[in-house]
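**Q** Here's the letter readout for the chains.
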Amino acid sequence: MDRMRAYSFPLCIVLSALLSWAAIYTGLWPLVIIAGIAAGTVTGVRYMLAFAGGFAGGIVSAFIWLTPLLTPGAAKYVADVGAIASIPGSLLVFLSFIITALYAAFGCVIGSWVRHYAIRNRLTSA
Amino acid sequence: MRVTRFAPFFSVVIVVLILVVSYATPLGAILNPESGVWQNAANLKFSNATFSLPGLKQNVTVIQDTEGVYHIYASNNHDLFYSLGFVQARNRLWQMDIFRRAAIGQLAPVLGAGYRTYDSFQLNLGLYISAQKDWNQIQANAATNSTDELSVLAVEAYSAGVNAYINYSSSHNDLPFMFKLLGYSPSPWTPVDSYAVQEYMIQNLEYGSDALLYTLLQYKMGNATTASIPDFSPIPQVYYAGFNGVPNPSVVAEMNNDWGINATTASMTYSLWKKFQGFDIPHVFPPNPSDHSNEWVVAGNRTSTGSPILVGGPVLAFTLPPIWFQVQLVDPQYDVYGVVLPGAPVVVIGHNQQIAWTLTDVQAISWGTYFFEQQVNATSYLSNGTWDTLNTYKIFGQKFEWTNLGPVMEEQNGLAIVMDWMGNRFTNDLGSLLLIMSSTDWSQFSSALTFWNAPYQNFAFASSSMIADISPGYYPVFARTGGVPFNPGSLMPGDGEQYISGSIPFSLIPQAVSPTSGFIVSSNQRSVGPAYPYWFGNTMSFAVGSRAETVYSYLAAHTDVSVQQFEQLQQHNYTDHGAVMSVPGIVSLLSNSTNGTVQKAIGMLRDWNFQMSANSVAASVWWFFYMSFFNNTVGPVMEKYGVYQSYSDIRFSGMGGSYSGTIGLASLDEDVLATLAYNYTGLITHSKLWTVAYDSMLGAMSTLQKSGSNLSWGHFYGFYFPSLTGVGAVSVGPLNSGGDYMTLNDASGFLPSNPATGGQSFTYVANLTNLSDSYGVYPGGQSENPASGQYSNYVFVWIKGDYLPLLYFPTARSVPHNMIMQKWTLRPGG
Chain U
0 MDRMRAYSFP LCIVLSALLS WAAIYTGLWP LVIIAGIAAG TVTGVRYMLA FAGGFAGGIV
60 SAFIWLTPLL TPGAAKYVAD VGAIASIPGS LLVFLSFIIT ALYAAFGCVI GSWVRHYAIR
120 NRLTSA
Chain G
0 MRVTRFAPFF SVVIVVLILV VSYATPLGAI LNPESGVWQN AANLKFSNAT FSLPGLKQNV
60 TVIQDTEGVY HIYASNNHDL FYSLGFVQAR NRLWQMDIFR RAAIGQLAPV LGAGYRTYDS
120 FQLNLGLYIS AQKDWNQIQA NAATNSTDEL SVLAVEAYSA GVNAYINYSS SHNDLPFMFK
180 LLGYSPSPWT PVDSYAVQEY MIQNLEYGSD ALLYTLLQYK MGNATTASIP DFSPIPQVYY
240 AGFNGVPNPS VVAEMNNDWG INATTASMTY SLWKKFQGFD IPHVFPPNPS DHSNEWVVAG
300 NRTSTGSPIL VGGPVLAFTL PPIWFQVQLV DPQYDVYGVV LPGAPVVVIG HNQQIAWTLT
360 DVQAISWGTY FFEQQVNATS YLSNGTWDTL NTYKIFGQKF EWTNLGPVME EQNGLAIVMD
420 WMGNRFTNDL GSLLLIMSST DWSQFSSALT FWNAPYQNFA FASSSMIADI SPGYYPVFAR
480 TGGVPFNPGS LMPGDGEQYI SGSIPFSLIP QAVSPTSGFI VSSNQRSVGP AYPYWFGNTM
540 SFAVGSRAET VYSYLAAHTD VSVQQFEQLQ QHNYTDHGAV MSVPGIVSLL SNSTNGTVQK
600 AIGMLRDWNF QMSANSVAAS VWWFFYMSFF NNTVGPVMEK YGVYQSYSDI RFSGMGGSYS
660 GTIGLASLDE DVLATLAYNY TGLITHSKLW TVAYDSMLGA MSTLQKSGSN LSWGHFYGFY
720 FPSLTGVGAV SVGPLNSGGD YMTLNDASGF LPSNPATGGQ SFTYVANLTN LSDSYGVYPG
780 GQSENPASGQ YSNYVFVWIK GDYLPLLYFP TARSVPHNMI MQKWTLRPGG
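For the record, the sequence lines run as chains U and G.
Letter 95 of the first sequence, counting from 1, is numbered 94 in numbering that gives the first Met the number 0, and no numbers are missing.
Letter 216 of the second sequence, counting from 1, is numbered 215 in numbering that gives the first Met the number 0, and no numbers are missing.
These are computed hints drawn from the structure, not numbers from a lab.
Heads up, the beta-carbon is just placed ideally off N, CA and C, and yes, glycines get one too.
Don't take every hint at face value.
Covered, in the sense of this in silico footprint (three residues per stretch, anywhere, with C-beta under 8 Å from a C-beta of chain U), are these stretches of chain G [claimed, not checked]:
1. 5-12
2. 23-34
3. 778-787
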């Protein structure tokens with residue numbers, strides 16, 4: 000059991016990253032929340048660790064998605080898009096990462112709660 | 000502990016908040032890592048690719064050469080135009096969408112409520128209605144008319160190609176990022192959209208409110224109007240199609256027979272004129288410069304190559320992405336190279352293996368836009384003594400009414416101003432250009448132009464053995480029951496008394512074929528002289544003629560001209576012909592002044608070579624003197640007759656309205672030049688000339704001295720290339736340059752408040768000895784993506800006055816490997 004707990008947090012990060020990557024792949028960005036919930040439910044880490052694990056997993060998945068798009072003109076592209084959108088381009092990139100991470104992180108917290116709620120209910124009913 | 004306990008609840012709340020913020024705004028769509036704007040960064044890479052596309056019949060090879068030009072090699076016409084649609088959409092889809100929206104008045108739904116006025120005005124003009132009518136008529140005639148049949152094939156295939164890209168990019172989350180930023184998707188491209196683009200170009204090139212302005216001036220100035228707006232130019236002109244001589248008396252009688260109006264009509268006219276100016280429109284696509292294009296064509300006996308050389312420089316508004324897209328189209332019927340418009344599957348300017356052609360605006364006959372006053376009520380209009388029912392069109396939820404003459408533009412107390420615009424008559428310009436693209440000689444070329452009704456364009460032509468120029472179009476001939484027709488360049492009665500009785504026959508439209516001079520120059524100057532037997536407009540619409548004079552003088556003096564010399568003439572000759580005419584007289588006039596400032600100015604002008612070079616201070620002195628002299632002569636006239644007092648938005652300035660917040664009028668620039676050069680007395684009497692010139696010179700020097708230490712002309716003049724998005728960060732310029740309104744590479748403007756935003760939009764020199772040895776460049780780039788290296792790369796070639804080789808490859812295999820940037824294979828499938 001202790002051994003399982005020791006692996007829960009890294010597992011939470013890995014699961015969050017993998018499932019978030021898959022969620023982004025569908026094109027439905029908010030599915031990252033479901034990915035986080037799934038990772039949180041499976042690992043059942045404490046809320047603070049769930050948040051941290053989901054956040055890290057979300058960052059990793061966004062990084063995996065956006066890295067291949069780095070081309071020689073990408074920095075200028077980001078700046079130009081930002082100029083047209085009246086938001087600094089770097090802030091747009093930051094928001095893309097942070098929203099993905101927050102989706103996964105809060106999803107993970109919810110998932111962790113779901114697991115604890117389910118266990119408590121099972122114990123209560125038992 | 001308490002925080003931890005409520006963490007799941009907070010998580011749900013925060014997630015919901017993020018979702019609401021993301022999807023109530025475009026942020027969610029923009030930032031999505033999989034489908035947001037980031038994916039478009041991948042387009043910045045150049046790579047060979049294969050696309051499986053539904054509807055394609057056979058494989059097509061597309062090669063983008065190292066200059067950025069696309070060469071499309073297909074096996075049949077359908078695939079050729081399909082591929083053009085696909086390739087153009089891949090580079091310019093958002094621009095194409097904005098073009099069609101600008102044409103049919105649908106900008107507000109994507110750009111905001113600020114465009115509602117613009118949209119309503121566009122819809123009222125009739126572009127959408129006419130585009131639909133054009134397409135319906137072409138479809139109906141396709142079974143019996145081979146040109147219309149070809150048009151249907153080309154436009155439908157092109158539309159399918161555009162839609163193939165829309166589907167491809169949608170499914171690959173690769174729609175241009177502007178769609179994502181604005182939160183909408185493009186609707187499928189239709190043939191009507193291509194004809195709407197045709198209509199939009201007619202509007203850009205042959206449409207205007209000169210007749211309204213003339214009506215207002217005539218109302219205030221009466222018979223004195225003729226002195227300010229002469230029938231024919233008071234300065235010498237190059238009439239490329241001849242008809243020099245005594246003015247035709249019946250035409251003169253018609254031009255000076257203005258229909259009288261009352262105060263109510265004048266009020267309506269001013270209100271409508273202001274709508275045409277678009278004062279309340281935030282940003283128009285594209286803004287419309289006028290008076291500027293150049294073309295000349297020279298026979299082989301006057302060139303160093305021994306064959307004709309054709310030079311084109313059509314002036315249009317600058318935008319990024321620019322209006323042109325450069326391609327070579329090859330299939331069994333076509334082998335043509337040139338520039339195409341966004342949304343139209345035709346090479347507008349270019350060459351094939353046998354001929355080359357280019358265009359300038361005729362600017363004749365009141366821009367093809369005529370206005371009538373007509374009685375109307377809620378349901379009917381009065382014409383020829385009977386009340387007929389108004390035609391009502393409901394478009395995009397708005398209602399528009401037309402009489403027999405055209406759309407009702409302004410209405411007040413049972414009176415309406417109705418517009419008869421030639422752009423609303425049937426024309427199949429796309430069909431004409433499709434025929435021209437495969438023409439091999441003058442006979443085929445001119446025959447193709449019999450289908451061309453609007454806009455009025457001067458088509459310069461060259462083959463290996465001959466040169467020509469022709470100005471096709473539907474030029475109406477006016478008649479009046481029981482008398483001399485009223486001036487069609489002014490408001491006319493719409494009760495049926497005045498009417499269009501026909502048009503100038505094709506054989507008599509302005510044209511010149513292999514003239515003995517060995518060259519033809521057409522730079523928006525009046526193409527026919529005063530002896531022409533038809534009304535062709537007054538001095539309001541035609542260019543001043545200075546650019547034509549500059550080229551004419553050069554060609555008359557040179558008999559062995561090379562391609563490179565023509566490039567120099569087109570892009571590096573900054574001769575201001577107005578200065579050539581006027582400055583010697585000014586120097587002579589003011590040489591007896593004892594004022595030190597005036598003497599200093601005169602000294603600079605005396606040594607000046609009339610070149611508006613960027614490093615010339617004398618050029619600045621001339622320009623500011625001219626502008627000051629213009630104000631000091633025109634202003635008092637307008638005030639004397641109450642024009643400025645009654646109409647606060649009518650303010651003229653010289654050089655085509657180079658000062659911000661003013662308008663230009665060629666007639667007045669010609670008056671001022673004629674006053675300076677030939678003692679013309681239309682504006683001021685000869686006795687006042689010295690005083691006005693003296694005051695103007697002092698005024699000019701005072702303005703210059705207040706401008707800082709850098710007085711060279713390049714400090715005051717430059718070109719600006721605005722992004723279609725309207726965002727400065729992705730615009731280019733102003734880039735300082737030589738030139739002004741009266742030089743060849745020209746535009747109205749003045750830094751910093753009013754930079755020139757138009758100019759020669761495609762500088763083109765076609766060498767008929769070897770068309771592969773032709774040169775050209777347009778200021779812009781092939782891609783609409785601001786981060787692309789091909790977004791504005793041509794701007795920096797153009798601004799230096801350089802050219803790019805127009806690489807012409809007959810087959811895909813003939814393209815050298817080291818000249819291929821990327822190669823695509825389009826194959827049937829999908």
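**Q** Mind listing which of the numbered hints don't hold for this structure, in increasing order?
**A** none
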